[in-house]
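Chemist: Build the full structure now, drawing on both the sequences and the hints.
If you're matching them up, the sequences are chains E and Y in order.
The first sequence begins at 1 in the UniProt record's numbering and counts up one residue at a time.
The second sequence begins at 1 in the UniProt record's numbering and counts up one residue at a time.
No lab work stands behind these hints, which were simulated from the structure alone.
Errors might be hidden in some of the hints.
Here are the computed lysine to any residue pairs in the SDA-like style, where the Cα-Cα straight-line distance is at most 20 Å [said to hold, decoys possible]: (1) E:226 <-> Y:169; (2) Y:203 <-> Y:134; (3) Y:211 <-> Y:92; (4) E:226 <-> Y:76; (5) E:3 <-> Y:118; (6) E:3 <-> Y:120; (7) E:226 <-> Y:59; (8) E:226 <-> Y:111; (9) E:226 <-> Y:113; (10) E:226 <-> Y:114; (11) E:226 <-> Y:79.
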Amino acid sequence: MIKSLLSGDAPGKPLLALIVCAVVICLALAPFLFPGTRSVDTAARICIIIVLVASYDLLLGYTGIVSFAHTMFFGIGAYGVAIASSSMGPGWDALALGGAGGVLVAAALAFVIALASLRVRAIFFAMITLAVASAFGVLVSQLYTITGGEDGLTYRLPQMLTPAFEFADFRLFGVRLDGRLLSYYLIFFSAVALFLVLLRLVNSPFGRVLQAIRENDFRAEALGYKTVHYRIVASVVSAVVAALAGVLLAIWLRYTGPDTTLSLDLMIDILVMVVIGGMGTMWGSVLGATIFVMAKNYLREVMGAASALTSDLPLVTDILHPDRWLFWLGLLFILSVYFFPTGIVGKFRRSTQ
Amino acid sequence: MASPSVPVLETRDLTIRFGGHVAVDAVSYSFRPGNLVAIVGPNGAGKTTYFNLISGQLRASGGAVLHKGEDITTLSVPDRTRRGIGRAFQLTNLFPRLSVLENVRLAVQALRPGAMGLFALADADAGTLEIAMGHIARCGLADRLDERAANLSHGDQRKLEVALLLALESEIVMFDEPTAGMSADEAPVILDLIKSIKADTGKTIILVEHKMDVIRSLADEIMVLHNGQLVASGEPGAVMGSQVVREAYLGTGLH
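Modeler: Have a look at this one:
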């Protein structure tokens, strides 16, 4: 049962399995283990980002396609919910319609981009996706009557998903049983389901062909595989899952704007997370996303504390000042690429091969 | 099945130019089913280029390639493979970071239904795995199943190359210098494989080869290419004795 759910592709090494289990358990019980708005918010973001990073790894790590349009598809899913919810008013119908609409638009756009440009060399494809994503960003900011422009959209969701809704009077382990908790578990279980679907996909006959294309597309063609078809399907699936991750983000934040979904910074973050976790392994996205989001959210605090502790040491306290957090994040990235060129999961798995 | 009189493969005035250089110059030839044809010629004669035109890696500048009478000149590589024209490559051309088993499994999967299956499990398909194991064993790699292709010795990589070709179960089987760079004890494994494929009825084999003893023992027919042109063809004994071949090839090309 578990083996089938994991598609026969368990994390492998015991230590790796242990770490992955720990992450999953922490996320599953986050509202109870780490009560508090901020920590639950971080946990929800980790769930969403894992899906986003895993769907990008399907392209980059498994198929060898470099795309810069992944956040665009993420944004399309989020904006679908945002636009529908703010124009139709809060309701499940708006949520379903907006989400489905976003996913369809993402799939159609991914199909068109892939059809028009996957035949060209990889570097041109990357450039084309960058151009389309930039154009899309401009479009969203210009069409402010629909998208809210740079300010984005704030909207209301069905009452069941809001903090005001309490489905039980008592507290469970001191946690209020409210709509916020429901939203969290909606996101958690959706993320688990999407991740398992992706894990199944990369271990399917289709997924194996993607890896063959990554390894040697010339030979894959000589074996009779129409590689362009496979690339197009991979692009569309990846875009659909990214859009679904966007839907989850829109549900969680009840706000959608360019900075949270479309920004190039986020695109770079996704790339970094795929590389840290390990390209071409779905489990890498779990670790990459968890480590990166945690670092981004908590590195400043840790550094603040460290800086305060070392306040007697003139230079050290300056280097550890919270304002330098981006420097340390960059340093962490460089070190991780240096010591784990195949990513954390790649490092673990390689030791057996 | 086509009758023996219809060529299984034919090239008509097949030509390709790279800029001003004519690499293959109006080569016309009919390959009859069940024959093994060896293509010989000095380096740069256009043998591999001619190969690439037949299997589709290169597109002809002129002339035509016909498969069982149908024009396939503009068909893509995968379409030709699916029609039953399979080839191995001169320079080893594998999936380097995948295992030996996975390399061959992919080749078996390619022409079986369900290759596009999104939610089946690849390793749960016992039929495909079993066929792949069979081809691997036939090529003498049964003890290297889980090794990455990149970690194999050169000789084993050549064997894997042949295993991929076997797995395609093509009607037309093309080898481009299958024993190139192999040691004297390893080459016979490949040659025995080619002999066993030849024994399978109906397979047409096209072979680029330098080693004359190999050609004498295997080939039913020889094509001699020189400067992109077909200068002689026919039975090995007759062709190798002819004056034009001695001048074009044996005199200049080899030893």
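Chemist: For every hint, state whether the structure bears it out.
Modeler: Results of checking the hints against the structure:
no.: 1; hint: E:226 <-> Y:169; verdict: holds, 18 Å
no.: 2; hint: Y:203 <-> Y:134; verdict: holds, 19 Å
no.: 3; hint: Y:211 <-> Y:92; verdict: holds, 19 Å
no.: 4; hint: E:226 <-> Y:76; verdict: holds, 9 Å
no.: 5; hint: E:3 <-> Y:118; verdict: holds, 18 Å
no.: 6; hint: E:3 <-> Y:120; verdict: holds, 14 Å
no.: 7; hint: E:226 <-> Y:59; verdict: holds, 17 Å
no.: 8; hint: E:226 <-> Y:111; verdict: holds, 11 Å
no.: 9; hint: E:226 <-> Y:113; verdict: holds, 14 Å
no.: 10; hint: E:226 <-> Y:114; verdict: holds, 14 Å
no.: 11; hint: E:226 <-> Y:79; verdict: holds, 8 Å
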